[in-house]
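If you're matching them up, the sequences are chains W and P in order.
Per the numbering used here, the very first residue in the first sequence carries number 1; after that it's consecutive.
Per the numbering used here, the very first residue in the second sequence carries number 1; after that it's consecutive.
You can trust all of the hints, since none of them are fake.
List of simulated lysine to aspartate or glutamate pairs, EDC-like, C-alpha gap at most 20 Å:
(1) W/K433 <-> P/D108
(2) P/K56 <-> W/D261
(3) W/K433 <-> P/E111
Just the calculated beta-carbon pair ranges, DEER-fashion:
(4) W/T114 <-> P/K89: 57 to 65 Å
(5) W/K305 <-> P/M77: 26 to 34 Å
(6) W/Q441 <-> P/L7: 14 to 22 Å
(7) P/E111 <-> W/R410: 17 to 25 Å
(8) W/S422 <-> P/S105: 37 to 45 Å
(9) W/Q164 <-> P/E2: 50 to 58 Å
(10) W/R257 <-> P/S54: 14 to 22 Å
(11) P/M1 <-> W/Q441: 33 to 41 Å
Take a look, some chain W residues computed to stay more than 10 Å from chain P by CB distance:
(12) D108
(13) R112
(14) R160
(15) Y211
(16) H329
(17) G333
(18) P351
(19) R423
Quick caveat, the hints were computed from the structure, so don't treat them as lab data.
The C-beta atom is built at its ideal place from N, Cα and C for all residues, glycine as well.
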Amino acid sequence: MELNKINEYTWEIPKTGDMKVPALIYTSAKLLESVRRDMTLMQAKNVACLRGIQRKSYVMPDAHQGYGFPIGGVAAFDMDDGVISPGGVGYDINCGVRLLRTDYTEKDIHERRTQLLAEIFREVPAGVGKGGITRLSRNVLLEVCTKGAEWAVENGYGTREDLQRTEESGRMKGADPSHLSPRAVERGTPQLGTLGAGNHFLEIQKVSEIYDEQVSRVFGIQSVGQILVMIHCGSRGLGHQVASDYIRLMENKFGIRGLPDRELINAPIRSQLGQQYYKSMSAAVNYAFANRQMIAHWVRDVFAKVMGSSEGMSQVYDVCHNVAKFEKHRIDGKDKEVCIHRKGATRSFGPGREEIPEVYRSAGQPVIIPGSMGTASYILVGTSEAEELSFGSTAHGAGRVMSRHEALRRFRGEQIKKEMESRGIELKSTSWKGVAEEASQAYKDVDEVVNVSHKAGIGKLVAKVTPVGVMKG
Amino acid sequence: MEKYKFLRHTADAKFQAFGSTLEEAFINAALATASLMWAWEKIEKKIEHRVEMSGKDHKQLLIGFLEEIIYLFDSKMFLLGSPENLRIKKKGNLYILKALFKGDSYSDKYEIHGDVKAITYNEMEIEKNAHFMVQVVVDV
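Can you build the whole structure from these sequences, using the hints too?
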C-alpha cells in the first residue's frame, strides 16, 4: 500500500477512491514492519470511507488488525451526518486500566509479596467461568449499568475520591440499560466483579524510572521503588453481547450493501438505532467501571490485611480504551461536538480540558499503558498537541504480533513462570495455556510503542513501572 | 475428512470447519468454537438445550448459532459436548436453524482453558466445493 512518510513517527495513506479523508499512522520504521504484515492499513483505509468522518482516520503506535476498525484506531464523526459503529468500539466495551498508588516501597513488601499475590488471587475472581461474589438480581444489574462506579461506591466499594479520578467520573450519563437485550443482562449478571481471562491481568508493580518528576508527583508517584497496583479488565460477557446484538440489529435495519467489511456496520448517530447503541454501550461502559471499582476495593482489603494498612492507596486514574463518546474538538478553527471512537486507544487530553479531574487539570490527563505479561508498563500524560494530532488519543498497550495459536506452539506456561521468577516476578494464573498465549514475545515491544507516542507528541512519558507480582486471568 | 483446523491469525483464533453438508460444517464449527474453551470430547451428555435461531443469510445464521455456545456458557455454565439433529431450512426471507445441544454443567471435573468473547464476520467464508467449508475468526 502506498504510504507517504511525513516525519520519523508519522506516515500517511493519501486519500484515494472512496476515502473521504486520508489515514494517518503514528508509528516507527520498526513498528511499521509488523503493521504492514496484517490488515491494519486496509482497515484504517476502510474507516476513512465512512460517512461523516472528520479530519483523518488515525492509527496509534500499537495498532494491529481488528474487526472492521483496526485495534488502535481512532475516528471522529460529525454528529449530524456521521455514524456510530460497534466495530469502532470493539467487543470488550470499556476494556480499560485502573492504577492505584501506595505508600509502600519494594523493600516494604518484599517478604510478603508472595502472600499479597496469593491473597489477591483468592479475593478477585478470575479465569473463565468464574462467577462474581453474588448472584445479582436483574434490577441491581440495571442499576449498576446506570450508575457505574457510583453504584459500587454507594455499596461500600471504594471512595468518592476514586470516582473523581476515573474517566467520566466512573459513570457515562447517557447510559440507558433498558435497551440491553435479556441475553446481555443474563451474561453480565454472574460476572460482575470478575477479572476475566485472555489478556486481562492484575499486577503489583514498582516504579522503575521517572521521566517527568513534576507531573509524576502530581499523579502521586514520588520515587523509584514505590509500589503501584494496575488492574486491566472490561465489561465481560455483557459488553460482548451488546456489540454482537447491535451488529445484528444494524445489519437487519440498514443492510450490508456497499460495506467493504461486515464488521464496519454502523448507524447514523441521530438515528433511533444509533442512539440505542450509544445508550447500551454506555451501560456496558458503566458495568466495566463498577467492575474495576470492586476489584480495586478488594485489592485494598488485601493490602490492609497483609501489610496492616491500605492508607495512601488512592487511585491515580482509570482509563477506558474501547469506547465511543461525544467530545468537543477544534475542527477547521471551530469548536465542534463529534462522536469519537477509540478502539484500543487511550484518551490523552492535555492540560486545561474540563474532562480532567481538577487535581490533574494543570498537568494533563494521566494515560496508563499496560505492557504485556512480565514486561514494563508506562504512565504517560496527555498533551494539548494530541488534540490536534489524534483527537486527544494515544496507544493503549503493546499490541499483539503473534497469534495465540503460534504462541502456544512455541512457549510453555511453566517455562514462562520459571523465567519470570528468575527475574524476581511472581506469577499466578488460572491456566498454563493462558500464560503461554500471553507470552511477552507474542506482543510488540511496549518500550518502542510509548517512545513513538512521546516523540510524536500524542502522549508524553512520565514513569516506567515493572511487575513484581502478576495475576493473570 | 477432518472436522476442523486452526489457521494463523495475529490477535485471535481463526478456524476452518468442514462437512459433506452445510449442517455438518456448522456442527464442526460449533466443536471448533467449543475446543477454544474446553475439551468437548470429554463433556458428558447429561443436559440438553434445544436451540433455534434465524438469519438473513448463512453467515448471520452461523454467527447466531456459534454465539449460542458462548451465551449458554456465560449465563447457564453449560458446556457443549455434542451438537446434534442440526437442521437448516429456508422460510420466507430467513434461514432457520434448529439443533439439540448435549452437554453438561460446569463442575470441577472439567477444565476451562480459554475464553471466547464473540464470533465475528472478519474473514468469514462459507464455501461449497467438493465439500462445505466455513471459516470463522473469533474474538478471544
